[in-house]
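Peer 1: Read off the chains here:
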Amino acid sequence: MSFNEKTLKNVANLARLRFPEEQEAKFMQDINGILTWVEELKEVDVTNVEPLVSVSPRKNAVRPDVVTVGELQKELMANAPESAHGFYVVPKMVE
Amino acid sequence: MTYTIEGKTSDWELVIGLEVHCQIISKSKVFSPSSAVFGAEQNTHVSFIDAAFPGMLPVVNEKCIEQCVKTGMGLNAVINKYSRFDRKNYFYADLPQGYQISQLYHPIVGEGYIEVTTSEGTRKIGVERLHLEQDAAKSIHDMSPNASFIDLNRCGVGLMEIVSKPDMHSPEEAGEYLRQLRAIVRALETCDGNMDEGSMRCDVNISVRPVGETTLRNRVEVKNVNSVRFVMQAIEIEAKRQIDIYENGGTIDQQTRLFDSVNLETRAMRSKENANDYRYFPDPDLLPVILTDEYIENIRQNLPELPEAKKKRYIETMGLTPYDASVLTADKEISHYFETACQGQDAKKVANWVMGDLFGYLNKSNLTIVQSPVSAENLGALVGLIGDGTISGKIAKEVFEIMTQTGKSPAVIVEEKGLKQVSDTGAIESLIADILAQNMDKVAEIKAGKDKLKGWFVGQIMKASQGKVNPALANQLLDKKLSEL
Amino acid sequence: MVSKLTDLTISEALDLLDKKEISSVELTQAHLTEMERSTVLNAYITPTPELALKTAEESDKKRLSGEKIGRLEGIPIANKDLYCTQGIRTTAASKILSEFVPPYESTVTQQLKDAGTIMLGKVNTDQFAMGGSTMTSYFGVTKNPWTDENGHYNLVPGGSSGGSAAAVAAGLCMGATGSDTGGSIRQPASFCGITGIKPTYGRCSRYGIVAFASSLDQAGPMARSVKDCALMLREMAGFDEKDSTVADIAVPDFTQALTGDIRGKKIGIPREYRSKDLNPQVAAVWDKGIAFLKNAGAEIVEISMPHTKYALPVYYIIACAEASSNLARYDGVRYTTRVNGKTLNEMYENTRTDGFGPEVIRRILLGTFVLSAGFYDAYYIRAQRVRRLIYNDFIEAFKQVDAILAPAAPTTALSYDEMKNMKPVDTYLGDVFTTPSSLAGVPALALPIGLADNGLPVGLQVIGKHFDENTVFQVAHVLETQAQFDKKPHYVKG
Chain A
1 MSFNEKTLKN VANLARLRFP EEQEAKFMQD INGILTWVEE LKEVDVTNVE PLVSVSPRKN
61 AVRPDVVTVG ELQKELMANA PESAHGFYVV PKMVE
Chain B
1 MTYTIEGKTS DWELVIGLEV HCQIISKSKV FSPSSAVFGA EQNTHVSFID AAFPGMLPVV
61 NEKCIEQCVK TGMGLNAVIN KYSRFDRKNY FYADLPQGYQ ISQLYHPIVG EGYIEVTTSE
121 GTRKIGVERL HLEQDAAKSI HDMSPNASFI DLNRCGVGLM EIVSKPDMHS PEEAGEYLRQ
181 LRAIVRALET CDGNMDEGSM RCDVNISVRP VGETTLRNRV EVKNVNSVRF VMQAIEIEAK
241 RQIDIYENGG TIDQQTRLFD SVNLETRAMR SKENANDYRY FPDPDLLPVI LTDEYIENIR
301 QNLPELPEAK KKRYIETMGL TPYDASVLTA DKEISHYFET ACQGQDAKKV ANWVMGDLFG
361 YLNKSNLTIV QSPVSAENLG ALVGLIGDGT ISGKIAKEVF EIMTQTGKSP AVIVEEKGLK
421 QVSDTGAIES LIADILAQNM DKVAEIKAGK DKLKGWFVGQ IMKASQGKVN PALANQLLDK
481 KLSEL
Chain C
1 MVSKLTDLTI SEALDLLDKK EISSVELTQA HLTEMERSTV LNAYITPTPE LALKTAEESD
61 KKRLSGEKIG RLEGIPIANK DLYCTQGIRT TAASKILSEF VPPYESTVTQ QLKDAGTIML
121 GKVNTDQFAM GGSTMTSYFG VTKNPWTDEN GHYNLVPGGS SGGSAAAVAA GLCMGATGSD
181 TGGSIRQPAS FCGITGIKPT YGRCSRYGIV AFASSLDQAG PMARSVKDCA LMLREMAGFD
241 EKDSTVADIA VPDFTQALTG DIRGKKIGIP REYRSKDLNP QVAAVWDKGI AFLKNAGAEI
301 VEISMPHTKY ALPVYYIIAC AEASSNLARY DGVRYTTRVN GKTLNEMYEN TRTDGFGPEV
361 IRRILLGTFV LSAGFYDAYY IRAQRVRRLI YNDFIEAFKQ VDAILAPAAP TTALSYDEMK
421 NMKPVDTYLG DVFTTPSSLA GVPALALPIG LADNGLPVGL QVIGKHFDEN TVFQVAHVLE
481 TQAQFDKKPH YVKG
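Chains as they are written, first to last, in the working numbering: chain A, 1 to 95; chain B, 1 to 485; chain C, 1 to 494.
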């Protein structure tokens, strides 16, 4: 099956998730179950079928170049787990 | 294409491509209605959309689309009537959504080129694409030893990423490409091209290969090279580093490096970019951008004159050299100054003054052309005074010097300082007569055939008149007086 | 005077409010009282009783003073806790947003406020709307007000809009907002014996609704009658410049479509829905529905929608892919809970692993996988191609018929014990009849038609053409009239 331990680790890392090994097996089993079931899509002939990205009938949704929001620093920071001097604060980043 | 670097084993040639990010000039951000203006207090130009609050949705700014189309035209490029936005997924503190909205699969602008003139001639450098995307936020690392601080003001400002083909082969060519690109976006007013403030940023892709080899070797991306000079330096330094490694039997991995402009070296980046898998997919929150022929034509018709067309005009109708023309069109302000100064004057002479004395002075004083104390009108007038014989070229240098100090018009300075050329033949003739009378020995030598001494007399005349005598007139009258003796 | 205010439909209540026979405060208080005694159901995550009473008082004043009032003035409703409500905690039933207080209001709830509704509180859902049972909620499961055969509150209300469905069925609100990505309005409506419509994709703005899968998410109303849904949808729908995908199409007065006359209408019965997954009891109710429509003068046409069986896997690939990206913003920096770490990445991992439940994590993992290098074409792009084929099935079908009648869910409400022991894939099968219309973006309304032998309600769905909710309401209204479904859940009967 395509979804092995290595794939799980890679995908978890991409999604910034990490769990103990005992949970890994369960996730792997679940996802492999889903992927097996998804296999049946392979039997569909999709030659010359364009992928469908959106079913919205809207064309050219654009907005005018106007500034309509003012300063929201206080409102932004109100929900922040950590902030200082109007900045969001995170653990030190490396370059 | 003659630029090569001599190595121990062979001569090496360079393959260079540039990825340039240009911040779009617009009032509001590309997907949100918050201000795109630079320099505000932290997190005050931020909407809940920019901060990626739950349920917030992007809506594209029509101005940003227009700016991309304009720029695409400036790059002689294909404008794609169908374009679409994709999400580039990765985690970073300067990216609140956890993805950057960009255009991978269907960019708004396709292939084009920029014409670049270097000492080796004029070439078209291919442009691969231009796509529209969001800028990231800024993180500040020096406010605390164990924390970084995030300011989202820049987050979501519209960016055009302009990717060249790997078409350049020398630092000079890359530098010139960047200068031309900056001239184009400035002329079109789609980006202010200010590399110091980061509104224009450059990543350089470099690989080297022995002359004669036809395949491309692994390339290194050098990030954040933020001036034309640094781009040229970084290319040279990185190329030499690669050649060194190859010649010592090593290999180059495809990697991302940072340019250190202080130590003049490139070094590998530590953490980011470790072979990220960005999982691009079409952004389901946004619809395709469909442009009509009418829309595109309308923009085309209202396009200002581009540097390239301007350059052609300078060469063909003003008679400038290609080199002078490309210098004078590289910057909108410069060409504007030049054309103002040219009004009614000899363009070639004005060009010489602008590129010679004026640039020399501005460079020395660290001023831009808009800050010049010598206005374009006054510089033009100065050239006019020389042309109509009011002052000599030598006096003009003196007048120019005073103009830089006072900003006064040259006519006023000439008047105040009494620098007007003496054209009264009677006065000059009596001056010559006096000089001849005091130097009869030299007159005799001239009569004996030593014509060269005439020059010495002219010098004496100029000296006695403090340079105010028109030299041609002085020569003519000297001959007349000598023949009378 | 009516005996029980919490039994009224919205249209009945509007009539009584109009005649000043009841006040909004009375109506609101009656629901608040029911909410208080309903702890066994756990339908609400955040009740807002003080706010509700205050709004109701203002509403009554407005009505008495003769000021201009909204079309739903004074009607107490509940909002799914996926809709951001300004100043009121919005959790998406997750731990990671358990402390989030939005500084803005979603477009749909704002429009409902403007229409005069009174919000009673925020109701439970599956975490980030991922699930069909409310079992993935961080705030505990909601109980279906219908009991199992032993009289125990042991059944799931369906999901993800299970809190909305249970609250409507149990008289804890008159109507509720739901949201439907692959069946999240219609399946719980069916399980709880109420009515709910997923309108056309693009009918309602998604602005301010916590996103699950952007190309599929649609807001919709859940209520106790077809007319109530029509009344609510009119207020919820409409163009919004803040959502690029919402349609610039006028919103009609849907109640005008409730003519009671469907003579000559062609109703499609898709052959492929009679699958092995379909419970025979549900099939029997479907047949009953077909007979009702025939009685009413509709023409029944058997149709084929050959790609139906691929809808579920296509749905799970696309929805999970979009979700994996949509949920990347919950990173511990700006408004979520945070579990610290030594480095930025450690903080991300700690925060996200702690803040998301297992089903959410499973879907993020799957979604990340199908977008990852080497698998994108085989999974994601292929799924989008098959999505077009499914879409085309509907376009073809609607060349022959005006509407489609199908079951809403393959079974009646399942028990928690049944669901707990199921593999994820088996729980996904509950969406088998709802995902095709979600992928196609067409409107679909679920309403209760009858009871199965186990005494539990069975719903059918009426599916219509894009932006033709009118026909959907028209057909559903006739079915409602014919079916005369007046069964009340055990919880209400007492």
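Errors might be hidden in some of the hints.
[Claimed, not checked] Residues from chain C that face chain B, not an exhaustive set, calculated with beta carbons under 10 Å:
(1) 49
(2) 106
(3) 110
(4) 111
(5) 210
(6) 213
(7) 249
(8) 255
(9) 326
(10) 331
(11) 372
Please keep in mind that the hints were generated in silico from the structure rather than gathered at the bench.
Ideal Cβ placement from N, Cα and C applies to all residues, glycine included.
Peer 1: A separate judgement is required for each hint: does it hold in the structure or not?
Peer 2: These are the hints, each one checked on the structure:
no., hint, verdict
1, 49, "violated, 25 Å"
2, 106, "holds, 6 Å"
3, 110, "violated, 12 Å"
4, 111, "violated, 15 Å"
5, 210, "holds, 4 Å"
6, 213, "holds, 7 Å"
7, 249, "violated, 15 Å"
8, 255, "violated, 29 Å"
9, 326, "holds, 9 Å"
10, 331, "holds, 6 Å"
11, 372, "holds, 5 Å"
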